[in-house]
Amino acid sequence: MIRVVLPTHLRKLARVDGEVQLHVEGKVTQRSILDALEDRYPMLRGTVRDQVTYKRRAFVRFFACSQDLTHEPPDTPLPDTVAAGAEPFMIVGAIAGG
Amino acid sequence: MSGVRVLVGTRKGAFVLSSDAKRQRWDISGPHFAGWEIYHLKGSPADPNRLYASQSSGWFGQIIQRSSDGGNTWEVPGGEKMPEPYDPPVGGSNKFVYDTSPETGKPLTTHQWYDGTPHPWEFKRVWHLEPSLTDPDTVYAGVEDAALFRSTDGAQTWHELAGLRGHGSGSSWQPGAGGMCLHTILLDPSDPQRIFIAISSAGAFRTGDGGKTWQPINHGLHSLYIPDPTAEVGHCVHRIAMHPSRPSVLFMQKHWDVMRSDDAGESWHEISGNLPTDFGFPIDVHAHEPNTIYVVPIKSDSEHFPPDGKLRVYRSRTGGNEWEPLTKGLPQSDCYVNVLRDAMAVDSLDSCGVYFGTTGGQVYASPDGGDNWAPIVRDLPAVVSVEVQSLP
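So the sequences go chain by chain: A and B.
If you read the first sequence in my numbering, its first letter stands for residue 419, the second for the next number, and so on.
If you read the second sequence in my numbering, its first letter stands for residue 58, the second for the next number, and so on.
Since the hints were derived computationally from the structure, they do not count as laboratory data.
Everything numeric in this text was worked out from a predicted model, so none of it was measured.
Anything over 10 Å on all C-beta distances counts as not near chain B; from chain A, calculated:
#1 Lys-445
#2 Ser-450
#3 Asp-486
No more than 27 Å apart at the CA atoms, straight line, and that leaves these computed lysine-lysine pairs for DSSO-like:
#4 A:Lys-430 - B:Lys-181
#5 B:Lys-152 - A:Lys-473
#6 B:Lys-181 - A:Lys-473
#7 B:Lys-269 - B:Lys-152
#8 B:Lys-163 - A:Lys-473
#9 A:Lys-430 - B:Lys-152
#10 A:Lys-445 - A:Lys-473
#11 B:Lys-385 - B:Lys-356
Even glycine gets a Cβ: it sits at the ideal position worked out from N, Cα and C.
In isolation and in its complexed conformation, chain A is listed as follows (with noise of 0.2 Å):
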């Protein structure tokens, strides 16, 4: 199962506490982590990316291994370790004001 950390606020809108373990079917890169995130938990569409575009939302990033993944191509292979479910993806809203 991949882990997923969300922001404080998603966590709320999609009423889970903790971290979300999800299952990836093929490749585990952001594109199918967030196709996975948003089939589980639709009230999550729109909110880390465009629902048209795909585009990841302008104050939102992307962290796993202690690396920045932000500016990543959606489809280029995350970690092993994510893969494995040894290490957490974290999307983080970008520190922006109050």
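Chain A is already provided as a structure; the job is to place chain B on it using the hints.
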């Protein structure tokens, strides 16, 4: 009537304030959706337990919330995963997509940016939700960048009424300082096909065919801050109000000037009269006296606070021109809050209640038509919107 429910949207969540008909003791519920901006929430006239809320965030975009129990619990319409074989769910309650169809939306490509250059329409947020007068599942949404959407399935899916942007002047609309927002939606109770809307800073518009076609209704407006002060569009209308018994009489608070129309917007005339300043944001009408109206004068467009540090609601019992200050219970020194365009409402109890919220976090109530005021709460986050439901 058994009581009232005041729905308050703030910069950091929603609050529900409830009282019996005396309107002296209040129960405060909230914050709902803590940390999110709640631009507006409003109840259905057809089912008072059905509420809609616009929840938004600069980080995570637009969410629509719906309650079917008067605000005790909320859900994102279409946001729950449905069992097979209905998988996957629509999940489209926050999906506001401008019409780009060849039939109606193809020419609607750009509006004007602040500097006059063409700029593509970009959805930012829902400013105002207006539930149908008769169907709890039908609700209209006024959005930024300015457009009107409608849902007929309880806010699960939204469709643009593209005839508004497409009526001819859409490419010349420009944003105001707060963005190019459609903030006012008035449904005519005597004619389900007639709707009035207002956009900052394009002006007021009317449809007589349920939203298919629209026309600007800005004749008589005079705005010195635009190249042609009497242009057909381009006026920064802040708010329009109507009494349900007289739907062809409209009252407007413009960027500057308080205006009135007696012919459903065909023409407007100024009714600022003896107001200390005619700049302001909200305007509303007494529930039982169609000629009694309320405004909150603000010093100027650059000094968004009351003149002389005195928070005064002004009431006209003559449909304009002759105004009296209402001050009892309101701070009369060192007060520098603002009252935003959607932050005033009236209830329909026998003695009409008037409510407004401030950017300082106070929500004031008057149970006697404005004669006496008292704060319901003093220290909420900045108040963006106030609506009230009169409960059976």
